[in-house]
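**Student:** Chains as they are written, first to last, in our numbering: chain A, 1 to 317; chain B, 1 to 317; chain C, 1 to 317; chain D, 1 to 317.
These are computed hints drawn from the structure, not numbers from a lab.
Hints may contain errors.
To be verified - Pulled a few chain D residues facing chain B out of the computed Cβ check, cut under 10 Å: (1) L10; (2) D21; (3) P27; (4) I28; (5) L32; (6) W46; (7) L54; (8) I62; (9) L73; (10) W91.
We put the CB at the ideal spot given by N, CA and C, even for glycine.
4 protein chains.
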Amino acid sequence: MTQTSEQARLDQFYADVAGYDLKPLWPIAQELMPLEPKPRTVPWLWRWKTLRELAERSGELITIDRGGDRRVLSLANPGLDGAPYATSTLWGAVQYLNPGEHAAAHRHTPGAIRFVLEGDGVYTTVDGDACDMHPGDLVLTPRLQPVQARNRSERRYPAKGLLPAGTSAQPGPGHSPLLAYRWADTDAALDALLEDDGGPMASLEFTDPTTGRPVMPTMACEMHRVLPGRRTTASRKVGSSVLVVHRGSGASVINGTRLEWGPGDMLAVPSWAAVDHEATEPSDLFAITDAPVLKALGLYREATLEQPQEITGSFPG
Amino acid sequence: MTQTSEQARLDQFYADVAGYDLKPLWPIAQELMPLEPKPRTVPWLWRWKTLRELAERSGELITIDRGGDRRVLSLANPGLDGAPYATSTLWGAVQYLNPGEHAAAHRHTPGAIRFVLEGDGVYTTVDGDACDMHPGDLVLTPRLQPVQARNRSERRYPAKGLLPAGTSAQPGPGHSPLLAYRWADTDAALDALLEDDGGPMASLEFTDPTTGRPVMPTMACEMHRVLPGRRTTASRKVGSSVLVVHRGSGASVINGTRLEWGPGDMLAVPSWAAVDHEATEPSDLFAITDAPVLKALGLYREATLEQPQEITGSFPG
Amino acid sequence: MTQTSEQARLDQFYADVAGYDLKPLWPIAQELMPLEPKPRTVPWLWRWKTLRELAERSGELITIDRGGDRRVLSLANPGLDGAPYATSTLWGAVQYLNPGEHAAAHRHTPGAIRFVLEGDGVYTTVDGDACDMHPGDLVLTPRLQPVQARNRSERRYPAKGLLPAGTSAQPGPGHSPLLAYRWADTDAALDALLEDDGGPMASLEFTDPTTGRPVMPTMACEMHRVLPGRRTTASRKVGSSVLVVHRGSGASVINGTRLEWGPGDMLAVPSWAAVDHEATEPSDLFAITDAPVLKALGLYREATLEQPQEITGSFPG
Amino acid sequence: MTQTSEQARLDQFYADVAGYDLKPLWPIAQELMPLEPKPRTVPWLWRWKTLRELAERSGELITIDRGGDRRVLSLANPGLDGAPYATSTLWGAVQYLNPGEHAAAHRHTPGAIRFVLEGDGVYTTVDGDACDMHPGDLVLTPRLQPVQARNRSERRYPAKGLLPAGTSAQPGPGHSPLLAYRWADTDAALDALLEDDGGPMASLEFTDPTTGRPVMPTMACEMHRVLPGRRTTASRKVGSSVLVVHRGSGASVINGTRLEWGPGDMLAVPSWAAVDHEATEPSDLFAITDAPVLKALGLYREATLEQPQEITGSFPG
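Go ahead and model the full structure; you've got the sequences and the hints to work with.
**Tutor:** Right, dumping it as structure tokens:
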């Protein structure tokens, strides 16, 4: 057989394969099953100054009849081709309410949380419980309903290790019945952890008090306190995360790129990215991650880097 | 065959059975497998006045060389033939230390807890962590070791729902890593529960903050706040319990017998006993039960009585 | 303010939002959070006649130096823009080996299974255990390694309910240690189920004998036996699946579209699609689904339709 | 104070303590909390020849009106003061039915199993399912009810790793839904295990096919095949067990005492006893243990002895 007719037969074969809604694996096997995660998510930083200014302008321009009851700006990671996601698995956004406004009640299956950046006299209603919201608070919003009580979940789960008798550990997946985690508790807890462990970083996870599991089956929330003086040990984790700077300033190195941050800034961290932090003053980083999904599926891994990361660039470049 | 020889053969048969270390089931089947629990434990009450006076005398008489490092008086339920147990599954006791004395470190496999009745400036060392003890505190003592830190477990588990990151829910049985549950937290938590649920009783369980499970795999600890005004609904539970009156006064009806109690009194409650309480002033009853054992084995049951118990006697009779 | 300048300000606002890597939520909220799953996967059917013919041609044309050690044709669902996936979460493919060839050992993190359509004298090596493969067998291939034993996993888990002593239920996610599920067992099991339950369908799940859980943490495998005579009750499930006709012939209705199938045909079923089957002779449908993922995340739902589906089209259209 | 008056005060103190239903701990602390289990159960052996002869005599003498519907001889361990228990936690017995007789249906909360020693044409009805019984079979009898089906549980759980679709792993404690474990399966499974692991002993646990857990929440059942030639490695386990020789002959050494056994003999093994076996022909030992209870409570331990046990006596002495 001549080389030409061989090539013709191959061409015909590939055309037939495509025509029957099939794809040959051999040209794409490496790409389909890489040795380590190859996320499309890129390390990114959104400045609070920008977010706040645009949010204010939306408050002015996007009236209720223009959709203002969902006046929310979504982080859109540049690696994701214009999709409105902070990372390939996490959605992150800033919501802006004018004084006197309230966001219409709605339901959603995806789990959601609110981390309060600014404002006062605000509350969100979850399962009929109106939860007051203050800066630094974490408030779960698995679904929304008419008000029937106020801060009730905190009265039912009032102190560490104390549960209403008969509240058994939940057998299956579900969200925490405690809906609000207050900044004062978080602040004191980070201080207590640092008293024994030293620095430069202490990390807390917000958990369901009835099970010790993440606050939602699909998302984990953490708070990291970073003390100034030296870079934290770099590590990698399967799964992506979004960081929000609650307080302080410093810089993170993500896969070699250095990103400087200050209060309210938000960062996207891709899966398996090397990450370390260095604070210039005592700083608190709120984090939301998809680790519970990866753990549930047996795919979670983490590793500590033996050497500090080399810094190869800065953001913006 | 004559009736006599028949009887002789039967007698010989029963003698042979006994001689070969066997027992016929048919005469004892009902007794072995009753329709409901038939505990030997009887409802009982130990007066704090008596306990305290005998404990003080033991402090004076039982010097270290007479065994004073284990200067402990065990509750001995009269139904248990002199065994040193409060109920068939629970051990309860009063320990007395003179000023300046310390109980020698020891290890034990059985889980143990301490509930502090009186005293100040006392601590107990658990897993190397010296836990301060104050009245109303619950302190776990799964095992004892040399002091390495002070109140460390409370710093590691400092607030409800907040865990050190990476503390995963324990896969198997074990005790709570939080070792001290402070009265101030318990007191506030009971108030918060009553705010929503009304009275006459609110009940808390002390739990492992990393799992929401009982503080020990074999024992559960609870605190019940009873407000005066009316009797609580009577209920039955498989499993026995010991109650300690932390505060207040009132009376409990256990299987029809009325027992009046005041501060420091201790009560034994048999398995499946009908129980209700009535307080004459706001009262707090600490309870320890074997419910986790019965739940682990699938044998736990509870029932609420539809009618108030008839009072058929009083204690002491 | 004039309408023009208002529109200019809005235009400028939207441009600024896009320029800072943000997306307004209000225009896309409905699309992002639909009331029910809106899968891009479409119901589809790949004919065995086509698959087999193309596989044979690949065996002839795709020599080892052209990538023939991965001589695999992937099902490419037309709804997924050319991606090589059968559904949005499942990969399905046909592998072809010439006599005497063997596929090179490789490792992959994603779970994989093989369901044997044709051939004899074939084996696959998993965790060092060479598993013989015959038509109708399900063989797990979580990862591949050099041969150390032959069919060892079946000797360690030799009969229902019998485990090597000391094999405790696995605490976390993992794959079944039993690697091969033989057709003879499956066949007999389906007959036994039908003896009690009647028809027209009996369904088995292949499970980990040490835990009763799905064979892999991310995928469940089932076999459905459909008897001729009447349509099965239609149902919907969150999560997609791929069906392979092991034996028999008939038709399935998926979201109103009727697809006729025979031996070896493969079908893609989108999430939440209404599905029923009708066989023209006793038929066995092997199914692989992503239900374990959705269950692990608390997102699984299923529903039975009260009315038979109306047939609104046929495939190919 | 004189020694006499001191002693008088002590005597008065101990009298008062006893009079108030209290016990001093210091004289009994060692006995109450030993360093290792101090079971009252003694190693013991009941000969099948004796059991069978007495069972036959009971069949003749104990007619229905004398209690013959519970014609059962319980093993009564000599260490337990005449109580009808094989060990401190396990009840073991031989039931005898004359041809044509049937034991009256009854209910019991304690879990029970039957291991068939002799006989044919016998069945037991569990949850309405009449389970045929043959020598070597293990049949669960958690509770008894009128017949509604025959060997149905085996049809629902027909082969290893195959479950009816939708049978999810049970969240809490419960018994296996598979009620009969047939000797033919057990026999083949032991052969398969020995093929890989070599001898002198292979051990299987009978488990719930839907969870991989013990057949009952309170009892585990095992079968040990011992090949002749050498003694097995000695080991200790917290928890007691009863062994029944299904087949073969040999000897076991329990805490240094050598007990020779043959078909049908039954042995009591105390908690934490050192145990090894040596067979004179291929032998099968059925075992029932309380290990699930101890595991559920976190109290289970086991240890392998580094040296063979010294034989210090024989049974009977």
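**Student:** If you take the shortest Cβ to Cβ gap from D:W91 to chain B, is it below 10 Å?
**Tutor:** D:W91 check passes; min Cβ-Cβ to chain B is 8 Å, inside 10 Å.
**Student:** Given D:L10 as an interface hint, is the shortest Cβ-Cβ distance to chain B below 10 Å?
**Tutor:** holds (6 Å)
**Student:** Holds or violated: is the Cβ of D:L54 closer than 10 Å to a Cβ in chain B?
**Tutor:** holds (6 Å)
**Student:** Against chain B, with CB atoms and a cut of 10 Å, does the hint on D:W46 hold up?
**Tutor:** holds (7 Å)
**Student:** For the restraint on D:D21, tell me whether the closest CB of chain B is nearer than 10 Å.
**Tutor:** Since the shortest Cβ distance to chain B is 5 Å, the answer is holds.
**Student:** The hint names D:L32 as touching chain B; please verify it with the least Cβ-Cβ distance against 10 Å.
**Tutor:** holds (7 Å)
**Student:** Would you settle whether the hint for D:I28 is holds or violated, based on the nearest Cβ-Cβ distance to chain B being less than 10 Å?
**Tutor:** holds (7 Å)
**Student:** With 10 Å as the cut and Cβ atoms as the points, is D:P27 at the interface with chain B?
**Tutor:** Interface hint status for D:P27: holds (7 Å vs cutoff 10 Å).
**Student:** Given D:I62 was flagged as interface, is its beta-carbon under 10 Å from a beta-carbon of chain B?
**Tutor:** holds (7 Å)
**Student:** How about D:L73: closest beta carbon in chain B under 10 Å, or not?
**Tutor:** holds (5 Å)
The earlier numbered hints are all upheld by this structure, with none contradicted.
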